[in-house]
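Participant: Below, each chain spelled out in residue letters.
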Amino acid sequence: MTELLQTRTTAVWAALAGVTVLSWAMGSGMGISDVETAGVVILLISLVKVRFVLSDFMEVRTAPLWLGRATDAWLAALGIMMISRFLIG
Amino acid sequence: MTAVDVRTAPDTAGQPERHRRKIPGEVGIWMFIGGDMISFSFLFFLFLHYRANDTAGFTASQAHLDQNLGLLNTLLMLTSSWLVASGVRFAARQRGDLAARCFLGAVGCAAAFAVVKAVEWGGKVADGHTMSSDEFFMFYYCCAGIHMIHVVIGSGVLLSMAATVRRSKLAGNEQRNIESGATFWHLVDLLWIVLFALLYLVGQS
Numbered sequence: 029m030t031e032l033l034q035t036r037t038t039a040v041w042a043a044l045a046g047v048t049v050l051s052w053a054m055g056s057g058m059g060i061s062d063v064e065t066a067g068v069v070i071l072l073i074s075l076v077k078v079r080f081v082l083s084d085f086m087e088v089r090t091a092p093l094w095l096g097r098a099t100d101a102w103l104a105a106l107g108i109m110m111i112s113r114f115l116i117g
Numbered sequence: 256m257t258a259v260d261v262r263t264a265p266d267t268a269g270q271p272e273r274h275r276r277k278i279p280g281e282v283g284i285w286m287f288i289g290g291d292m293i294s295f296s297f298l299f300f301l302f303l304h305y306r307a308n309d310t311a312g313f314t315a316s317q318a319h320l321d322q323n324l325g326l327l328n329t330l331l332m333l334t335s336s337w338l339v340a341s342g343v344r345f346a347a348r349q350r351g352d353l354a355a356r357c358f359l360g361a362v363g364c365a366a367a368f369a370v371v372k373a374v375e376w377g378g379k380v381a382d383g384h385t386m387s388s389d390e391f392f393m394f395y396y397c398c399a400g401i402h403m404i405h406v407v408i409g410s411g412v413l414l415s416m417a418a419t420v421r422r423s424k425l426a427g428n429e430q431r432n433i434e435s436g437a438t439f440w441h442l443v444d445l446l447w448i449v450l451f452a453l454l455y456l457v458g459q460s
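Chains A and B, in that order, are what the protein sequence lines are. Using the working numbering, you'd call the opening residue of the first sequence number 29 and step up by one each time. Using the working numbering, you'd call the opening residue of the second sequence number 256 and step up by one each time.
Mixed in with the good hints, there may be bad ones.
According to the in silico footprint, chain A covers these stretches of chain B (three or more CB under 8 Å from chain A) [unchecked claim]:
| # | stretch |
| --- | --- |
| 1 | 278–286 |
| 2 | 291–300 |
| 3 | 332–340 |
| 4 | 373–379 |
| 5 | 396–402 |
It should be emphasised that the hints constitute simulated quantities derived from the structure, not laboratory data. Just so you know, even glycine gets a beta-carbon here, dropped at the ideal spot from N, CA and C.
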């Protein structure tokens, strides 16, 4: 059990779970009252979570640099596209 | 795979490990994953585009979703991904027994995810919210449905991975196959993270 728990992967999982609960609370009317601000924060949090899944779970962190650059470029494009479309109604 | 760099990556507390930079799994799985990411990005854009044209309608329909079930499923997905990542590490150390347990635990999470989704969909249909109800529910069933197909395929891959690591010590190509399967499963987790934000949370506050 110690082998499973005392790893960076486990720390990342715990952090992701905590941030997920934070996002859920913001989407449930707790925290930020402005819908647009809360929406942007929720989207940004989801993108940060995705980056951690890519870097730690999918091991992009230890992969050739081009793979990290490619996934970061996709993530940046996705973020710009989603947030701009969300805000510009 | 050609090593292009060497660095220290502390995978386990107090046990730094030398790693050569290499692609996890086969290059082919990353090409597939890239295509899937771009396809889903298009779906995410379409959802937000249609939402922008009918914000009030989307917000009203979205309010019928149970955010608690969405949260539960997200935690199940994250936990399954953590177990798979841990299983890959155990497999690389030839700890097949622990790796198999991790992969089977991830399949358990996937099964629980499917049960929660079935309960959720059943409730929505019983309440009269079907795919033809409005644009929000069309996206909801389409996106979650396509994702569920990924969950089913991924669960089969995980079961196969569990059988492989249990059976024998892994050869180089078997380890790569395990990494490829794991990478696919993390994609399933990654896509759900964005779907949870878009379908359940954004616009509700």
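Participant: Quick check: the stretch 373–379 of chain B, covered by chain A? Criterion 3+ residues, Cβ under 8 Å.
Facilitator: Since three or more residues must qualify, the claim that chain A covers the stretch 373–379 of chain B is violated, with 0 doing so at under 8 Å.
Participant: Counting residues of the stretch 332–340 of chain B whose CB is closer than 8 Å to a CB in chain A, do you get three or more?
Facilitator: Answer holds; 6 residues pass the 8 Å Cβ test.
Participant: Counting residues of the stretch 291–300 of chain B with a beta carbon closer than 8 Å to any beta carbon of chain A, are there 3 or more?
Facilitator: holds (count 5)
Participant: Do three or more residues of the stretch 396–402 of chain B come closer than 8 Å to chain A, measuring C-beta to C-beta?
Facilitator: Since 0 is below three, the answer is violated.
Participant: Between the stretch 278–286 of chain B and chain A, are there enough contacts, at least three residues with CB-CB distance under 8 Å, for the coverage claim to hold?
Facilitator: Coverage by chain A holds for the stretch 278–286 of chain B (3 residues, Cβ < 8 Å).
Checked against the numbered hints above, the structure breaks hints 4 and 5 and satisfies the rest.
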